[in-house]
Amino acid sequence: MIALTVLAPPEDQFKAPTPDELFNSFTPIIPGVDWFTKPVLLALFSSVLVIGVCWAAFANPKIVPRGIQNVVEYGYMFVRDQVARPFLGKDADRWMGLLVSIFFLVLVWNLLGVFPVLQFPVAAHIAFPIVLAGTIYILKVYLGIKHQGAIGYFKNMMFPPGLPKFIYVLLAPIEFLSNLIIAPFTHAVRLFANMFAGHMLLAFFSMVGFWFLFEKLTPLGAGVGVVGVIMTIILTAFEMFIQYLQAFLFALLAAMYIGGSLHPDH
Amino acid sequence: MKTAASLLAAEGANPLIPHDFELIVGIFSFFVVVLVVGKILTPRIQKTLAERTDAIEGGIKRAEEAQAEAQALQKRYSEQLEEARRDAARLREEAREQAAQIKAELREEAQAEARRLVEAAHAQIEADRQAAFAQLRTEIGRLSTELAGRIVGESLEDEVRQSRIVDRFLDELEASPQAVR
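Protein chains in written order, with full-length UniProt numbering: chain W, 1 to 266; chain X, 1 to 181.
In short, the hints are calculated from the structure, not lab data.
Bear in mind that the values here come from a model prediction, so they are computed numbers and not experimental data.
Treat each hint with caution, since some may be false.
Restraint ranges, calculated between C-beta atoms of paired labels, are given here [what the hints assert, rightly or not]:
1) 58(X) / 230(W): 32 to 40 Å
2) 86(W) / 20(X): 33 to 41 Å
3) 64(W) / 66(X): 16 to 24 Å
4) 213(W) / 14(X): 31 to 39 Å
5) 241(W) / 64(X): 38 to 46 Å
6) 64(W) / 70(X): 24 to 32 Å
7) 172(W) / 58(X): 47 to 55 Å
8) 14(X) / 115(W): 47 to 55 Å
9) 115(W) / 59(X): 35 to 43 Å
10) 67(W) / 20(X): 37 to 45 Å
11) 59(X) / 167(W): 27 to 35 Å
12) 245(W) / 58(X): 34 to 42 Å
Idealized CB from N, CA, C, for every residue including glycine.
All chains, please: the whole structure from these sequences, using the hints.
This is the structure:
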């Protein structure tokens, strides 16, 4: 089943878009180059956009900011004060480069989900969140072993001091599982699932509006179509908030994992 | 991992399975961003932010210094003014004291001079009186004896007797209240 079937259904009934139609039906943009699909194009475009905007703002920064430097600096300050400093303290400035890259890139990935015409959140394809979460995971383990020692890292993780002995029988495997297996998984899936679900919601309601107002306009169906359009507008605003929130949360978790590896006792 | 073509063909592909070409593109696009934004641009903005903090803190510091300086200057001026006022008051007081002292000294001197003059006058008068009295005494004696001699017709030329008589006469004269003076 491909996207075209939605617009030309075999029967006269409304059919909600399926995940496969929304997320797995991209044809190569250049015929024959299989890998070059819309999500890939948007991922590359996001990088170009982030680099371009940041370059315009920070390539030659002024002490008294003007124009775009003001805007991007605001984003930088937000990451520094809300993400880096609470978790990294005095190490915040060292990790700002990574955190600001993550935040801006994820934010652009997400916002493309509501950008007219483009309308696909890059992070709704799990490969992209996996790259970021995987990088952070490797960094977390590396920094943990580097700063706490191989044994110290696992000891601090699995055997936090000051608990009754028998608790460790329970705690150690749970901590191991949560820190080394579940944490990177949820880090990636949280972002992916939010974008995935948000995109489905928007697609569903816009399809409702499109179907009942344009495809099959009937006196009874028109009301449903109007509801669909209104819901699309409301959910687009809500989705933008979620998109920003997930970018913030993703960077926040990255800072938290890095901070936890640098200073085990927090 | 499946290729795009096989994914397109597959029905209900698991959305949790990443596409391998997307992983490669993701790694590439992420690391390019980290390289440019994180490694090149972030240090620049950090430097600028540090400079801005310096500029603001420096400005505040300079303003504080200027204010402290102004206050110190004002304090010094007011101290100097106070000192000048004290000096003026002290000088006025001294002048007043000196004037009073000079006045007192002058008065003293004048009074002493006056007293001296009066005393000198008194002494002169006394001396004159004494002189006149002495002269008068001899004169009177001579005249009286001469007069008495003429009257009595008897020479009273004898000095001893003469002076005895004169002295007696004069003593009687002095004994009477309205004599001489």
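Now the hints, each set against the structure:
no., hint, result
1, 58(X) / 230(W): 32 to 40 Å, "violated (55 Å)"
2, 86(W) / 20(X): 33 to 41 Å, "holds (36 Å)"
3, 64(W) / 66(X): 16 to 24 Å, "holds (22 Å)"
4, 213(W) / 14(X): 31 to 39 Å, "holds (34 Å)"
5, 241(W) / 64(X): 38 to 46 Å, "holds (44 Å)"
6, 64(W) / 70(X): 24 to 32 Å, "holds (27 Å)"
7, 172(W) / 58(X): 47 to 55 Å, "holds (53 Å)"
8, 14(X) / 115(W): 47 to 55 Å, "violated (27 Å)"
9, 115(W) / 59(X): 35 to 43 Å, "holds (42 Å)"
10, 67(W) / 20(X): 37 to 45 Å, "holds (41 Å)"
11, 59(X) / 167(W): 27 to 35 Å, "violated (56 Å)"
12, 245(W) / 58(X): 34 to 42 Å, "holds (38 Å)"
In the structure shown, a violation is registered for the earlier hints numbered 1, 8, 11, in ascending order.
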